[in-house]
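S.K.: Chain residues, written in single-letter form:
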Amino acid sequence: MRRIERDYPIASVGGDIGLPADDPECPARGNTERTEFGRVAMGAVLDMLEEAKDLDSPTPRWVQSIGNQRGVGSQPTSTLMHCPDERPSARSPSSCKPDASRRQSKRADQPAPEVCVQRLEGISKLTGRERYVDDLPFDDALWGMTVRTRVPRGRIRQIKFGSAVDWAEFVVVDHRDIPGPNEVFLIERDQPVLAADYTRHMHEPVVLIAHPDREMCRRAVADVQIIVDEEPPALDYRLPAGPEQIQRNNDNLFKVLKIEKGNTERALEQAAHVVEGLYETGAQEHVYIENQGMIAWVEDGVVVTKGSMQCPYYVVNALKHALNRDESQVRVIQTPTGGGFGGKEDYPSNLALHAALLALKANRPVKIIYDRPEDMAATTKRHPAQTRHRTGFDSDGKLVAQHIDVTMDGGAYVTLSPVVLSRGIIHAAGPYACDNVLIDGRAVLTNAVPFGAFRGFGAPQTLFALERHMDVCAAQLGIDPIELRRINLIRDGQTTATGQVINDGTDRTAVLDQAAQAIRFREKQRAHESFNATEPYLRRGVGLACFWHGAGFTGSGEVALKSRLRVQGHADGRVEILSSSTEMGQGTWTVFTQIAAEHLGIAPADIIITTPDTSRVPNSGPTVASRTAMVVGRLVERACDDLRQSLGLDNATRGEAVTAAIRAWHNTNADQSLFGEAQYEKPPGINWDDDTYEGDAYGTYGWATYAAEVEIDLRTYTARVIDFVAVQEIGKVLNNTLARGQIQGGVAQGIGWALLEECKWELGGMKNCQLTNYIIPTSADLPPIRVAFLENAYAHGAQGAKGIGELPMDGPGPAIANAIADAIGVHANIIPLTPERIMGMMDQTHA
Amino acid sequence: MKVLSPRSLDEACALLARDPAPRPIAGATDILVHWPDNLNAKAETETYLDISALSDLRHITREDDVLTLGALTTYWDVIQSQACRDDFPMLLDAARQVGSVQIQSRGTWAGNIVNASPAADGVPVLMAYDATVVLRSKSGEMEVRLDEFYSGYKQMQRRPDQLITAIRIPRRTYDTQIFEKVGPRRAQAISKVGLAITHSTEGWRVVAAAVAPMILRCKSVEALLESGAPVRSPDDLAQAIDQDVAPIDDIRSTREYRQRVLARLIYHDLKGVLPAFS
Ligand SMILES: Cc1cc2nc3c(=O)[nH]c(=O)nc-3n(C[C@H](O)[C@H](O)[C@H](O)COP(=O)(O)OP(=O)(O)OC[C@H]3O[C@@H](n4cnc5c(N)ncnc54)[C@H](O)[C@@H]3O)c2cc1C
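Protein sequence lines, in the order shown, are assigned to chains V and C. Each residue of the first sequence is one higher than the last, beginning at 1282 in the numbering used here. Each residue of the second sequence is one higher than the last, beginning at 521 in the numbering used here.
Just so you know, not all the hints are guaranteed correct.
[To be verified] Here chain C is said to cover these stretches of chain V; the calculated rule only asks that three of the stretch's residues, wherever they fall, bring their Cβ under 8 Å from a Cβ of chain C:
hint, segment
1, 1990-2003
2, 2039-2051
3, 2114-2120
[To be verified] Residues on chain C that point at chain V, a partial pick, calculated with CB under 10 Å:
hint, residue
4, VAL702
5, PRO704
6, ARG705
7, GLN708
8, ILE710
9, ARG780
If you're looking for bench data, these hints aren't it; they were derived computationally from the structure. All values derive from a computational prediction rather than experimental measurement. Beta carbons are placed, not taken as given, at the ideal position from N, Cα and C, and that holds for glycine.
Please put together the full structure from these sequences, using the hints given.
M.R.: Now the structure itself:
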């Protein structure tokens, strides 16, 4: 065993920023940390299992944890948060305490509980008791399956049903069974629920089949032939479409957007230096652990769909539209969801429609569960993108002009491409001040399976280009890359590309410096010089990326959503949170519970939250855009205030006084329901103009610098990240464990995107749609991921929180590419940097 | 689908003599990968012979001149075996890089041989140690050298009625033992290039995986090493490698990458070892 550990280190993800990877005083750091992590984690697991013994009691037991830091490495500063990885002990409670100054509403004699709740559904997931949609028993249910075209573009001529199965046993649905318009309701309505006479991508659904035996469904699917008169597909978004490939307007463009500030052309002409670059990022598959799945049935005339999803009300809207029903005739219930990452933002609408159509026709429940190959082949991915930079600097290295041109592959239908493009171009100029910025963006139709939402939503693509480009510029200008960033980082009072004045008091330079310091950027540069000169085939490099991520919906999106949330006071005094925001592994339940408990001063055990059912919960907006804790969490607070108000209590009333009032209310209002409600209100002073693309694109931004050290094996051209530091300012950290989990998970996903994950295409369909051949990182492929938070409370987020979920996806790509360029001098301008690609880049560099 | 569960080796051989012969199942880690395809057409007619309960086949035996792995020996058994660690450390190197702990504790070396994947990780080290395969049927027993066992893609010298009962490895003193697995990631990975090199008084063995329809010895490279001709860069190996292997472009990698990486691994790994490499 010991030898295994030494030879094949199991990646430790519990790294502490205070422990530099090569700290001479900590020679056995890797091991120490591993044991430490192992010990802490196992301890927590055993305790949880112990607790799980009473799992069958309806109320989970709570662990109230008071944060502490591990006490190793550097001292905490007032803003740097050292986080307990796992279950903390109560040694030094100071560093995790919520900032007392923000709590004017609390009475001094009644200190709030330092509520830092342990993951609410953690035990049931850990012990395998959580029931996902595929685990739900369903008597009398049929299995549903989908017949797809397998041709990227063309006119559907005929559908042939073979004779391998007895078709009388099957329920068969096609577009003629759709009661309403044959359209998936989203930004545009160009995507049919089932292709009628035309196919625009390989995996377009045409016919649905249901049967009690899943195996029979498989056979039946293979027995249907769809005859298509093929037409020339558009397959490369980087090339202009030929006349025979045009399928939308006269240019195949889904959306064109522009951001303009100052006079970029003139500034470029006058700049002391102009640096150009072209950057490219590939598609990425979400690989949520749970495949897409949905069950549908009809109950008292109401179409009910239940399944894995991020956005129950998107599904409601899709069902209403295509099934021609009003809201009272559809009901959507989320099941525990094993990951989404954007992949379950819009696609579940398609799946719910398919299941519902079969259920309506069969008059029986129908369950559709995609297996992994179908899920990978037929559902959305991250948009591939190409970004061109032309950047002007003055002689001191100050940015004077940025011309950025972004092209994204939208795939066959519009889906969410316009908003992905929007977030992409708004982030494209980065966290820098520049007076002249011109950003052109377009999303292009191709005959690929539609691309859609994926953590980061366009920003990782453009930030990869920007931050890789900053290193290219630094090299051409002969300026140190950290210095170049420091000179140009936006300072309070300066404006972004859209003219938004940044004035939040965050010390962005401190974020940059701390990351550089934590990874020991300078020391490593020196050490690598001699390492690379003496090692026969190993090369090391270090790189970083500075970035930002806007939290919440873009522009006036939050205003348009008008999100609502309710809390209900139950007769036993407990308070239930009624929201359509979903738990999918990121911690919505835990954090909402924590916010409500903290706000009302009651125990987390007295807060109830379950999977949303649209017959009970209002529309709190979709669970996307890093908005849930910040925006909807704030609604939890305001709904709690409203509840107090309904009880005649002021907002200073907390704890037992609230619960007692709830019980008393029920005593006098038997059989009635007690609610508190809140609806989103635009924070004052935030203005956005959607026509000119000017103004406050986001209420607030998270700021971050990530740094990576890589090692490349020149025998195999394989790059590996050996150390990683993630420093970010994200407002108030609500729950250390969850926040660190988000960062470490996002970094892992970013490492995959940067080095390993490559969708291989054939006629617009993914060829390698198996986990064997689509390579995501395992724990053995990950370095220690060392996380630090700087906190600067945001006035309009719950407890001062900003969004956090997407941010960590933005930094790893460019930081790693920069480190690879540093190590071996290649133009690492395309990701993923697979060994085969690095080999090609080295050939080019040395040619 | 039918599963036969023999209680003894003799019974297993008797059942294998049926026509058509049932298909042996050991750890089932390969069999299950192909399951969904089977379900479509063949599953109902297929007959399996579950040999996993034949405990006589699960042993690691050290004798004076040979180490024997019973046919049910798993990767995990090898990782824990002092005998393997002492004499054949590459077996452990390879075992630890197979799939994950779950696969290591179920998958067998014999299954790895019969599955005959060109990218297998167990086969190259066995071949570089001059292992032989003991095949038994109702009509008798025979022993075949592993480096003569394969004749093409999934083609091998095993009749359907034969069971592998053991893998035998001659005990020798080696001065060079090198194993390399180049996968797309560090665990749960199918090899893009595999390499096992040994040197003993019997000479050089250079075995390459994932660069031809089957795992094979690179005889031209072996001859080059034997000759002591100077090798000053990976390019100096290219011609010999070209004669020995025929890599392809596929979903996992490219011909070019496989060919070059094989040369670079051999070159860099032997550079400190052989005076001819500089
Ligand atoms: C997730 C996963 C990861 C994997 N990773 C790797 C890896 O990294 N490297 C690698 O090399 N392989 C890998 N494999 C493949 C597999 O685990 C190995 O090939 C394993 O050694 C097969 O052994 P088994 O006992 O499971 O064989 P089985 O699946 O039981 O059988 C495989 C074949 O051998 C035949 N067979 C088995 N035993 C005998 C016998 N005694 N006599 C005659 N025929 C027999 C069977 O009929 C069948 O044709 C992986 C598999 C999975 C599922």
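S.K.: Tell me the numbers of any earlier hints that the structure contravenes, in ascending order.
M.R.: Of the numbered hints given earlier, the structure breaks none, since each of them holds.
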